[in-house]
Structure formats: C-alpha cells, structure tokens
Amino acid sequence: MSQKVQVWDLAVRFFHWSQLLLLAGLWYTGEQGLTVPHQLLAYTLLALVVARLVWGVAGSSTARFNHFAATPAAAVRYLRRPRPVNGHNPASFYMIILLITLVLLQLLTGLATFDNSYMSDGPLVALLPANWVELASDIHKININILLAAIAVHVVAALWHSFRVHNVLTALFTGKDKTAQQAVKMRHSGWFFLVFIALLVLLYYWQGSKLMALL
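For the sequence shown, the residue numbers in the numbering used here are 93 to 307.
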C-alpha cells in the first residue's frame with residue numbers, strides 16, 4: 093500500500109479555495125450592484141494573488157512555477173496520456189497562467205472602472221484620461237465572462253481528472269497524496285501569510301477605510 097506524502101503546503105491550499113470563494117463573492121456582489129463589498133473583496137483577492145505570485149517563486153517546490161512549467165509539446169503529450177504526477181501536471185500550467193492573467197486583468201481594470209458614482213468608482217478613475225477609463229470599464233465587463241468560462245473549463249477538467257486519472261481534489265484539501273513518488277521540499281507557509289497580510293493591510297489602508305465608511 094502506497095504511503096501518503098505531503099504534496100501541497102497550506103499556502104497553496106488556502107490560496108486555491110479562498111480564491112474560489114472570493115471569485116464567487118465578487119461575481120455575486122457585481123451582479124447585485126453591491127459596489128462597496130465588491131471592491132473590498134477585490135482588494136482581498138488582489139493581495140491573495142500577488143502573495144501567490146511571490147510564493148510561486150520562493151515557496152515550496154510544488155508551489156513554484158518552475159516546478160510545473162512545461163512546453164506546449166509536453167502539455168499535449170500529457171493530455172494524450174494523462175498520469176498521476178507530483179503537484180501540478182504539465183497541462184495545468186497553461187490553465188493556471190490563463191486564470192491568473194484573467195483574474196489580474198479583472199482586478200486591475202476594476203481599479204479604473206467608472207461606476208456612475210463618485211463614491212464607489214475605482215480609485216484610478218480620477219487619475220486617468222476618460223478614454224482609458226471607458227476602455228478599462230469595457231474590458232472589465234467583457235473579461236468577467238471570459239474568466240467565468242475559463243473557470244468552468246477548469247472545474248470540469250479537474251473533476252474528470254480526479255475521477256478518471258488522479259484524485260487531485262482530495263489532495264488539495266488534505267495536502268497529502270498517496271501517488272506521490274518522492275518527498276516534496278516544503279517551506280513554512282507562514283511566510284506566505286505574512287506577505288498576504290502585509291499586502292492586505294496596505295490595500296485596506298489605501299482604500300479600505302474609505303469603503304468601510306460607506307457600508
């Protein structure tokens with residue numbers, strides 16, 4: 093019987109599931125026109141994503157982007173013959189990069205989005221030319237649909253992969269995987285949370301207090 097080993101650190105697992113919850117909250121508040129909670133959730137997600145980018149360079153081995161970066165040819169070969177691997181598989185590299193790019197685009201355009209209210213406009217609206225603000229607002233409205241479609245593809249692929257090839261969902265909850273072929277070099281996740289909290293404090297100091305006053 094295969095022995096389970098630690099594959100995912102707490103930082104990666106926290107990021108994965110927290111991002112899912114925050115995106116759901118952002119979609120709901122956006123649809124309902126709840127601009128203040130929407131922006132507060134957006135700043136939280138921005139801090140989380142930037143912390144993950146830092147962790148992707150300095151974190152545990154399976155958290156690092158260079159651990160699962162793959163050429164397009166390697167990704168195609170994996171899709172043709174999927175198999176259990178330590179951490180992210182070669183094909184998932186491209187989905188992760190796509191999702192992070194779309195999320196960052198959504199967050200950054202949100203900072204420059206006009207919302208018909210001087211109280212809840214993005215903080216960059218007053219600093220940018222009107223045509224830039226209009227472009228950012230248009231991209232923000234269009235990109236959310238692209239992001240939701242990419243998330244749907246990711247969820248379907250993860251479910252299929254978990255049932256047919258390798259139960260990655262359980263591993264993302266527990267952090268352990270019995271199919272792992274070797275031990276993973278872990279780094280203490282406390283560093284990730286320090287970066288996340290520091291970014292969150294900075295963002296809330298910048299805009300959060302103004303928004304909290306509007307609740």
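Please keep in mind that the hints were generated in silico from the structure rather than gathered at the bench.
Don't take each hint at face value.
[Stated by the list, open to error] Only pairs whose alpha carbons sit at most 25 Å apart, straight line, appear in this in silico SDA-like list of lysine to any residue:
#1 K277 with H258
#2 K277 with N158
#3 K233 with L114
#4 K268 with F206
#5 K268 with L113
#6 K233 with Q299
#7 K302 with S281
#8 K268 with A249
#9 K302 with V217
#10 K268 with I188
#11 K233 with N158
#12 K277 with Y186
#13 K268 with Y170
#14 K302 with G122
#15 K277 with T262
#16 K302 with A218
#17 K270 with L114
#18 K268 with V257
#19 K268 with G122
#20 K302 with I188
Can the restraint linking K277 and H258 be considered satisfied, given a maximum Cα separation of 25 Å?
Satisfied, since the Cα-Cα distance of roughly 21 Å is no more than 25 Å.
Is it true that the CA of K268 sits at most 25 Å from the CA of I188?
holds, 21 Å
Verify the proposed pairing of K268 with V257, using a straight-line Cα cut of 25 Å.
Measuring from Cα to Cα gives roughly 16 Å; hence the hint holds.
Holds or violated: K270 and L114, Cα atoms, limit 25 Å.
The hint is violated at about 30 Å.
Check the hint pairing K302 with G122 against an upper bound of 25 Å on the C-alpha distance.
holds, 19 Å
Pair hint outcome, K302 versus A218 [Cα-Cα no greater than 25 Å]:
holds, 15 Å
Check the hint pairing K268 with G122 against an upper bound of 25 Å on the C-alpha distance.
Distance ~36 Å between K268 and G122 Cα, so the pair is violated.
If you draw a straight line from the CA of K268 to the CA of A249, is it 25 Å or shorter?
holds, 20 Å
When you check the alpha-carbon spacing of K268 and Y170, does it fall within 25 Å?
holds, 22 Å
K277 and Y186: Cα distance at most 25 Å?
The hint holds at about 23 Å.
Take a quick look at whether K233 and N158 sit within 25 Å of each other, Cα to Cα.
Judged against 25 Å, a Cα distance of about 32 Å means the pair is violated.
Is the hinted pair K277 and N158 satisfied, with a Cα-Cα distance of at most 25 Å?
holds, 14 Å
The structure shown violates the earlier hints numbered 4, 7, 11, 17, 19 and 20.
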